[in-house]
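Novice: Sequence order for the protein chains is A and B. Residues in the first sequence are numbered consecutively from 4, following my numbering. Residues in the second sequence are numbered consecutively from 4, following my numbering.
Hint data in this document are derived by calculation from the structure and do not stem from the laboratory. Among the hints, a few may not be true.
Pairs count within a copy or across copies, as identical chains cannot be separated in the list.
Heads up, simulated DSSO-like pairs for lysine-lysine below, C-alpha to C-alpha not over 30 Å straight-line [to be verified]: (1) Lys-168 <-> Lys-345; (2) Lys-71 <-> Lys-90; (3) Lys-254 <-> Lys-205; (4) Lys-205 <-> Lys-28; (5) Lys-72 <-> Lys-116; (6) Lys-347 <-> Lys-177; (7) Lys-240 <-> Lys-34; (8) Lys-7 <-> Lys-345; (9) Lys-33 <-> Lys-177; (10) Lys-240 <-> Lys-27; (11) Lys-264 <-> Lys-292; (12) Lys-33 <-> Lys-240.
There are 2 protein chains.
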Amino acid sequence: MQFKLAFIGFGTVGQGLTEILIEKKEMLEKKFDFHWRVVAISDVMKGSVYDENGLNMNTILNLVKAGKKIDEYPIGTKGMNSIDTIKKTNANTIVEVTYTDVKTGEPALTHIKTAINEGKNVVSTNKGPVVKQSLEILELAKSKKVHYGFEGVVLAGTPALNLAKFSLAGNVIKSFKGILNGTTNYILTQMEAGKSYEEALKKAQELGYAEADPTGDVEGLDALGKVVILTNIVLGKKITWEDVKREGITKISKEDIEKAKSEGKRWKLIGCAEIRPDGSVKASVRPEKLPLDDPLASVSGATNALTYNTDELGPVTIVGPGAGRRETGFALLIDLLEINNKNK
Amino acid sequence: MQFKLAFIGFGTVGQGLTEILIEKKEMLEKKFDFHWRVVAISDVMKGSVYDENGLNMNTILNLVKAGKKIDEYPIGTKGMNSIDTIKKTNANTIVEVTYTDVKTGEPALTHIKTAINEGKNVVSTNKGPVVKQSLEILELAKSKKVHYGFEGVVLAGTPALNLAKFSLAGNVIKSFKGILNGTTNYILTQMEAGKSYEEALKKAQELGYAEADPTGDVEGLDALGKVVILTNIVLGKKITWEDVKREGITKISKEDIEKAKSEGKRWKLIGCAEIRPDGSVKASVRPEKLPLDDPLASVSGATNALTYNTDELGPVTIVGPGAGRRETGFALLIDLLEINNKNK
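Between the sequences and the hints, there should be enough to build the whole structure, so can you do that?
Specialist: As structure tokens, then:
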């Protein structure tokens, strides 16, 4: 397939994808018959440019890296806003990578629905719309015969959704359990190595794993969003934010860590959900003491892991990165390759 | 797609697949537009039957479970040998599940090549032909525009090959490392719990994990075959049996286990391979002492695990069952679903 991409937002994730696309252009063409050009970019801060024949993305990356605006690109139409970029360009696939607002899902929600209604595919790493309305948007995409991909919202480029949908196809998955947030796992790993919660958080902030306001991570909100998504998409059960019991890691003390150690166990922030025999869903995010032979217990640092309980194979676990600029950019390529496969 | 299946061999794995196909018939039709019937079975011990309109597989399973011959099936053509069943029936897909001979690959090798030359897809859990000639057979299948699937030869139904081919597509994988044999991992886990090698082996034999002659497992031959397959298929480098350094677990003593424990480590039989900078391959099967925070260290019992080192995501590990009648049968369904996807 010949992808004509438009980026809505062009931050680190969009740039990460662009680097991968440039570096792997030949491999993608040869191995997957995957062809691409970027025809438009619209970013609230960095400006906009559109050229129906395709932009030189090396030039664009150089502009951005030099701290310049995309508008300085030598040719093309400038100044189009995100909606016009979606509606009025010849792009056939929209890469939606604006900032995330999990409360409203906006502005991504509007971008994604607009694109689908225009008959354009969307790939996005934006968690907001997926937490809010994934099933509705997937239904809309189906009715418009386009694709809405969001592999990156769960474990960045670690193919958690793709694994469930394709590699484990034919299984019935009735529950899952995972380490779905790298920041808290990094903090817990540091505490295990002897640091206090405050020291561990400070180090996580220094390394860029935790934000200045770490609430979203340490109170389990990020993991909660992923539990909602996995329940909706993999278990096939509609639940919302309010249906998940939540407890963060802020109450775990050095003493708790030591006590677990003496029991041969390890604290992990676990997100999980299961379909009960009556069809209802039990879902939670909370710290759990795992025995050391649990596959999730040895997952250390910022790494993520997810165990699906399948009917044919029993537990199947995937372990990989859960964040990162290039890793999350790669998740978008997983989605694009799925579209490519569908349109062969 | 409408599959017309012929089973060559009808032991536990073929029966396992049959049970899954019967139980999941409706789900497979609805969710994947996957339709099947079995038109023929040819088994050296159990007999043969062919009906171009399809066999009642519940009847067949009942005959087999009662220890009766398949020839007692009320209608159809009886007595066809495997080659005639491949060539002269209306089957479009051959399920090759005869016994494994890793030295010659026969009789499976002949069955598989015959089927492909007849323009029929083949799915097989038979390791022999894959170790011997996977790349050549895949080339032949490509030229005949049919599919040769063998997901089950590595980690049974745990989708190791499918993960690398689809979910991790776009990555370059230059090395892997795994626990590729459940029997030895079970023995090592038992030794860790205090048993001697002899006691652990005896228990593994009682549970059916190890054969009366356990050489293939404990000397690392089974794992070696999987290293060859993964190197050929995932790393894309042709190597053979002789290119892999091998050491089994028979020399590991109770003292070695205790010493590792005191160092915070654990013995595992590790199969691995990597492409060196000059393009050559370094491959081995040997016991290694892993630190407890290695994702492979916590994999206990008969479970298998495999870590791919990818260029975009770093290490990605999958953990799941590596054996079992139904699990291996399920691997054939993974291959059939891939064919179904290709032919949509």
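Novice: Each hint should be assessed against the structure and marked as holding or not.
Specialist: Here is how each hint holds up against the structure:
Within a single copy, Lys-168 and Lys-345 get their C-alpha atoms as close as 14 Å, and across copies as close as 16 Å, so both meet the 30 Å cut-off. In this assembly of identical chains, Lys-71 and Lys-90 lie within 30 Å of each other by CA distance solely inside one copy; the values are 26 Å within and 67 Å between copies. Taking the shortest alpha-carbon separations for Lys-254 and Lys-205, only the intra-copy value of 16 Å comes in at or below 30 Å, while the best inter-copy value is 47 Å. Neither within a single protomer nor between protomers do Lys-205 and Lys-28 lie at most 30 Å apart by alpha-carbon distance, with minima of 40 Å and 54 Å respectively.
When the C-alpha separation of Lys-72 and Lys-116 is checked against a cutoff of 30 Å, the pair qualifies only within one copy, where the shortest distance is 27 Å, while the shortest distance between copies is 60 Å. Proximity of Lys-347 to Lys-177 under the C-alpha cut-off of 30 Å is restricted to the inter-copy arrangement: shortest distance 28 Å between copies versus 32 Å within a copy. Proximity of Lys-240 and Lys-34 under a CA criterion of 30 Å is satisfied inter-copy only: 16 Å between copies versus 36 Å inside one chain copy. Both within a single protomer and between protomers do Lys-7 and Lys-345 lie at most 30 Å apart by alpha-carbon distance, with minima of 16 Å and 24 Å respectively.
With identical chains, the CA atoms of Lys-33 and Lys-177 are at most 30 Å apart between copies only, with a shortest distance of 19 Å across copies and 39 Å within one. Taking the shortest Cα distances, Lys-240 and Lys-27 sit within 30 Å of each other only across copies (20 Å), while inside one copy they are farther apart (37 Å). In this assembly of identical chains, the alpha carbons of Lys-264 and Lys-292 lie at most 30 Å apart whether taken from the same copy (9 Å) or from different copies (22 Å). Taking the closest pair of Cα atoms, Lys-33 and Lys-240 come within 30 Å of each other only across two copies (18 Å); inside a single copy the shortest separation is 39 Å, beyond that limit.
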